[in-house]
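**Student:** Listed below, chain by chain, are the residues.
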Amino acid sequence: MNQTLIRHSLADVLIEDDILLDMAVTRKNQLFDKVASHLSEHAALNPVLVSRRLAEREALGSTGLGQGVAIPHARIPGLTHAIAAFVRPKVAMAFDAPDGKPVYAILVLLVPETANEQHLQLLAVAAQLFCDKDFRATLRACEDAASIYRLLIQR
Amino acid sequence: MKVAIAPALQADILADALPYLQALYGKTVVVNLSASLIREPSHHAGIARDLALLKLVGVNLVVVHDDAQVADYPLASVNQSLVGLINCSGGNAVGLSGQDGQMMSVSIIDGNAGIAHLSPTLPALLQAHDYIPVLMPLSTAEDGEVHTVSGSILAGQLAQSLKAEKLIMLGEHAAVDEVYGLHVNGIISAAEMEKEMASHRPPAELELRASLAAAIDAVRHGVATTHLLDGRIANALLLELLTSEGIGTLICSDQSPHFLADSSRYFTGGTASLGGDMKLRKNLVVRF
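Each protein sequence line maps, in turn, to chains G and P.
Read in order, the letters of the first sequence correspond to residues 1 to 155 in my numbering.
Read in order, the letters of the second sequence correspond to residues 1 to 288 in my numbering.
Nothing false has been slipped in among the hints.
BS3-like, lysine-lysine: derived pairs with alpha carbons at most 30 Å apart:
| no. | chain 1 | residue 1 | chain 2 | residue 2 |
| --- | --- | --- | --- | --- |
| 1 | G | Lys-133 | P | Lys-195 |
| 2 | G | Lys-133 | P | Lys-2 |
| 3 | P | Lys-195 | P | Lys-163 |
| 4 | P | Lys-27 | G | Lys-133 |
| 5 | G | Lys-90 | P | Lys-27 |
The hints are simulated quantities; they were obtained by calculation from the structure and are not laboratory data.
With these hints in hand, go ahead and build the complete structure from the sequences.
**Tutor:** Pasting the structure below:
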């Protein structure tokens with residue numbers, strides 16, 4: 001039986017290899033396919049399922065927070081612990097965010113199917129971070145994956 | 001003194017605006033200039049330049065201005081001045097009143113002038129030919145007399161009938177977040193804003209309260225978002241529309257995506273939720 005591991009911070013779920021910059025995507029489905037493909041390489045996941053689960057969550061309401069940031073997330077069967085990827089599209093993309101503005105910073109979060117309140121708390125940590133104006137300003141100024149990674153895990 | 005921007009940086013800044021321009025291209029945006037802002041002509045040239053720029057990059061604009069409510073600056077003069085300033089910046093502005101093309105009629109109830117009828121046909125026609133309609137809020141009532149109505153109410157109703165993407169209220173007031181002590185990251189739903197207004201004493205700026213009421217009504221009748229901005233800030237319109245952060249308070253409809261509520265439902269089926277402070281709260285579940 002899979003044991004679900006609870007992870008509470010971005011430092012626990014993100015590795016530098018999963019900071020994906022200048023991704024050539026213009027639509028959500030494209031984004032989900034590419035991220036699913038990338039994360040499935042080292043997490044032994046079915047990329048089609050991952051992409052579909054992200055799209056299903058998105059259908060409940062956009063995961064765009066406004067002000068250019070979004071946190072798409074999904075519960076994934078077979079996943080034992082939360083994992084994440086950060087994407088900066090080549091050009092800010094439409095995300096149906098409440099402010100109608102395109103997004104330039106996207107944190108994708110995958111959690112086990114049995115995701116519960118602890119995982120919601122992990123999402124809250126991420127949302128809190130992305131809702132911070134100073135954090136967003138620093139994030140926009142980051143020029144490479146290493147500096148973005150350091151910024152994301154130090155909070 | 002203005003800081004000189006290197007040409008390469010200037011080009012970068014313009015290139016960064018591309019996705020925001022794409023998002024607004026061909027969309028209708030109604031802009032209301034409040035009475036307090038109208039009384040400060042020093043801000044008008046900058047606002048007119050920003051309006052011309054937005055029009056030239058493909059935003060369909062309609063401008064509604066309030067009456068300055070001062071004897072030495074009559075409504076028609078305000079209208080002519082704004083039209084002239086927009087035209088000087090390269091926009092094709094056309095001054096209108098509610099009388100033109102029988103766009104609007106006024107009714108008097110308990111001594112107050114209100115909008116009895118409003119047709120978007122004329123402003124839509126002008127928009128379609130790349131003009132910027134600049135509308136003064138007056139028209140004729142059944143008694144044959146000409147009356148002025150609230151510019152914010154007219155702008156809100158016009159935004160609804162034109163199925164505008166955005167309604168922008170430019171005023172001369174502090175940010176709504178500060179006035180109400182909100183921690184909303186600049187975005188709030190109509191229901192949340194209404195709750196804040198009910199639980200606070202009316203702010204000193206009654207004009208702001210009127211703008212908020214029109215803003216809430218607009219997003220409840222088809223306008224995607226309403227933005228309340230301090231028009232005294234240089235390039236307020238460009239900062240709000242063409243940058244990720246914006247500078248004002250954005251009111252969205254109650255049907256807009258709500259990240260915290262939607263995610264709470266997704267993860268816990270409603271047994272817990274995330275509050276605005278991002279803290280987890282157990283919801284009381286009553287079972288029969």
